[in-house]
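Given next are the chains, with one letter for each unit.
Number of protein chains: 2
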Amino acid sequence: MLMDGPSRRPALSSLLLAMAMPFFCSALSIDEAWSQLLMREKMMQLGGQLVLTKQEELANKKLMALKKAEVSQAMRTQKFPPSMHFFQAKTLIEQSEVFHILKKMPKGAALHIHDFGILSMNWLVKNVTYRPHCHFCVTPRGSWKFKFAYPTPPTPTPAECSEWVLLEKYRSKLPNVTDFDNRLLQAFTLMTEKPEVTYANQDAVWSKFKSIFFTISGLVQYAPVFRDYVFHALEEFYQDNVLYLELRAMLFPVYELNGTIHNEEWSVETYREVAHMFAKKHPGFIGIKIIYSVHRFENVSSVMKSVQTAMKLRTLFPEMVAGFDLVGREDTGHSLYDYREALMIPTLHGVKLPYFFHAGETDWQGTSVDRNLLVALILNSTRIGHGFALTKHPAVWADSWKKDIPIEVCPISNQVLKLVSDLRNHPAAVLMATGYPMVISSDDPAVFGAKGLSYDFYEAFMGIGGMSADLRTLKQLAMNSIKFSTLLDINKKAAMKTWEERWNKFVADLARRPT
Amino acid sequence: MLMDGPSRRPALSSLLLAMAMPFFCSALSIDEAWSQLLMREKMMQLGGQLVLTKQEELANKKLMALKKAEVSQAMRTQKFPPSMHFFQAKTLIEQSEVFHILKKMPKGAALHIHDFGILSMNWLVKNVTYRPHCHFCVTPRGSWKFKFAYPTPPTPTPAECSEWVLLEKYRSKLPNVTDFDNRLLQAFTLMTEKPEVTYANQDAVWSKFKSIFFTISGLVQYAPVFRDYVFHALEEFYQDNVLYLELRAMLFPVYELNGTIHNEEWSVETYREVAHMFAKKHPGFIGIKIIYSVHRFENVSSVMKSVQTAMKLRTLFPEMVAGFDLVGREDTGHSLYDYREALMIPTLHGVKLPYFFHAGETDWQGTSVDRNLLVALILNSTRIGHGFALTKHPAVWADSWKKDIPIEVCPISNQVLKLVSDLRNHPAAVLMATGYPMVISSDDPAVFGAKGLSYDFYEAFMGIGGMSADLRTLKQLAMNSIKFSTLLDINKKAAMKTWEERWNKFVADLARRPT
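Residue numbers (this note's numbering), protein chains in the order written: chain A, 1 to 515; chain B, 1 to 515.
Just so you know, the hints here were simulated from the structure itself, not pulled from any lab data.
For chains that are exact copies, the list does not tell them apart, and a pair is met inside one copy or across any two.
Straight-line Cα separation of at most 20 Å, EDC-like style, residue types lysine to aspartate or glutamate; simulated pairs:
1. K280 with E501
2. K68 with D331
3. K79 with D203
4. K194 with D422
5. K79 with E196
6. K79 with D331
7. K451 with D228
8. K281 with E501
9. K403 with E32
10. K493 with D404
11. K68 with E97
12. K104 with D509
13. K145 with E256
It should be emphasised that the depicted structure is a prediction, and the values quoted were computed from it without experimental measurement.
My request is simple: use the sequences and hints to build the entire structure.
Pasting the structure below:
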């Protein structure tokens, strides 16, 4: 028979049906039926079941009035920041009252950020490149390369780079240093006035993205800079009301002026020391952890070694190293399935190595890359990085929900790297509406011209959540960031307490705000 | 307590969980677990439960090999038509082997198309405007206006239009008629080389969209043209292997050369006659029905009258008039809720007037407009036009699934009218992956430079469905178009039989295709 009756309706259908509350009978008026539907949807959405205090209710009213005014204005002017490219929306966002409230909001933790994309690049230009002994050369492909050394290092081969030039000396001869510094800044970020022209496709934007990390590596991997970078990055997130960070870190060799090179252990130890020092000076700061990460262009045997390194580092620094991940562009890199042998090593040795896989950072549904989500689920990933394609995988979606595996949503990253243009179409909108566990993070804010988490919270709150998202949504997102962190239970409780104190103060301020 | 444990997880969560099959135990290998997940997702997706014949399996292999080659090439070249604006993708689509197969595929019915957006505009330029007694004038806002009349009609006031010019005479004096005809064609479609520049926002594209219908109204509402328009439109869909159409028709007054004006009944009767005549000459053609539609800018009392007109027309032409809808831009028009009093009239009178509401054709989640989906559900809409926002409304999603209410997905329309740019991010991707009932349609193909349904099927099959969509998906979509039509059961069976014969021939040809 050609026509499929109700009995042939797929499984998900009948189960989604089951979730319907006692169905309104036709005797209900439109208004009653409407209220029931609205209430059901309100209860389903992320944070929808939170019961607000009186003060929170008041704060919510103030916040939602501002939000409504901004959305209404956007509907009139047809200029809505989450629908625009972030590079063009940034100044508009900075004029938003809602954004200023989000900056003040205690956001909990940043759970998806990468080692060297988290501190404003201006600091590299204005501070780091002005330090003594900074050399640069230019590669045949036109990329800058930096190196701190004394004396000047030996000349590279022409295939590698031009001659090393001492930056201090070079700058002293420039007619216009500001111009030069601006060019450096441009080389360190993806920012451009016409992103749709500069980056015609994903290849173009990923090419520049990779070149940025290549270019800044000689700066940030210099031991004194490395320490300062970590400290100042923590400062930038702390200023943005983020108290705890879990960093995907590749632990590349850090070098000294004399050429000495440090190993991964040194890097982890330095992260630990800097975070400890930072915490002493910054009340309420909770700390950092490292998710050791390697590139998904490595071959299987290399990843096998990395998994072993991760296991070793976790044994040496059980409170610092949270687990393992693979990073880089999913569409062109190896799939997790390719690495299955390497990724099974811990299980085979009876060792627990938590995974935090990037998965589903793709638009190519049904391809091998798109199936990373399946492997991430099968290997019990603690969280999923991005999970952009999750809603296209209803079985993974259902099972990862059952396992309470959150996704780490990075709206600006997804937009700048050309997965989605209008953030109202970000698939997390569906997940937010259904209450799927998630956290908001910023991936590489410094590369995108953002800072901390507030810009991404703005996009999530205004764009992804739409007018349905309110203070409950924000509260749930902040709490999720602590709940789904890898802090030990006792530390999680303490972190939640610290966050709650700050949240209450934030809410009181917001509630007191003149209308 | 701040942290929400499993017991506080929202309702949808626990129910989505219930749908998980017996969960693979950790003893399963990665490959087994992977296969199970893939199989579950395959069964869930639209058409996933269809069992193909041997010949269909063979045809599917041929089709999927071509699809895979095209997608692989797109991944290399970074030029993937569904990710590009249709105006820029069109020539690429026309070079696609998959597209040529889709053109040949019996697609069943077109269930979401509008009266005067369905026949290539070139016909209006090259045929209609060359007919005798065709006059034009230009409005103060720069729009063309046409009128067939003999003798030349009285001069309009300057506030209305310029003087009437006889087109035949005007053309005879032109140095370059081709240029002029091209300008006409440009005025009749949205096509432009740089759509992102021409249409900076939704206001801009909707403004031109509306002006097109204003401009062509004087041509298509001329009685002889009206008859020919309907006939040729049916021809164009028939050529595209579409055998049945349900037209949203506004039934505007049709006029004769002498100024006589016809009412709605005349229009419906003419639709009936032309379709009847067409069916005689075109084997397998099933027919058309009308969904009487009025504009959502009308006030409530005007819509009250229209609902009564719809009831009357349905009584007069029970086999021709399927029901009622409101059309026009949802974001700026009245909400369905505003019209609730009018829309309850049939129920109050105990009359059945099926609704086919446009609803959720918006990106503005949580606004009053966005709630049209709720009212469409509450008023038992037979189908939902677009339903673009459905996945952001999980309660409506669940209930409309229970009621088996399909959405009418119009990919190219949604892209051109700037709801989504990359069609891989179209929310129907989630609905297709979960098997939600839907049909594919083309809205106003002629205005977008498309034709029939094939271009939209291409976007849905390649972009929305991704590599997961195969011949099962296509078969289900075609069958859905008949299943969810308003044909009487007996006619539905006959239509399904006709379609099935053609489908089998199509499959046989595809299976025989050299590799």
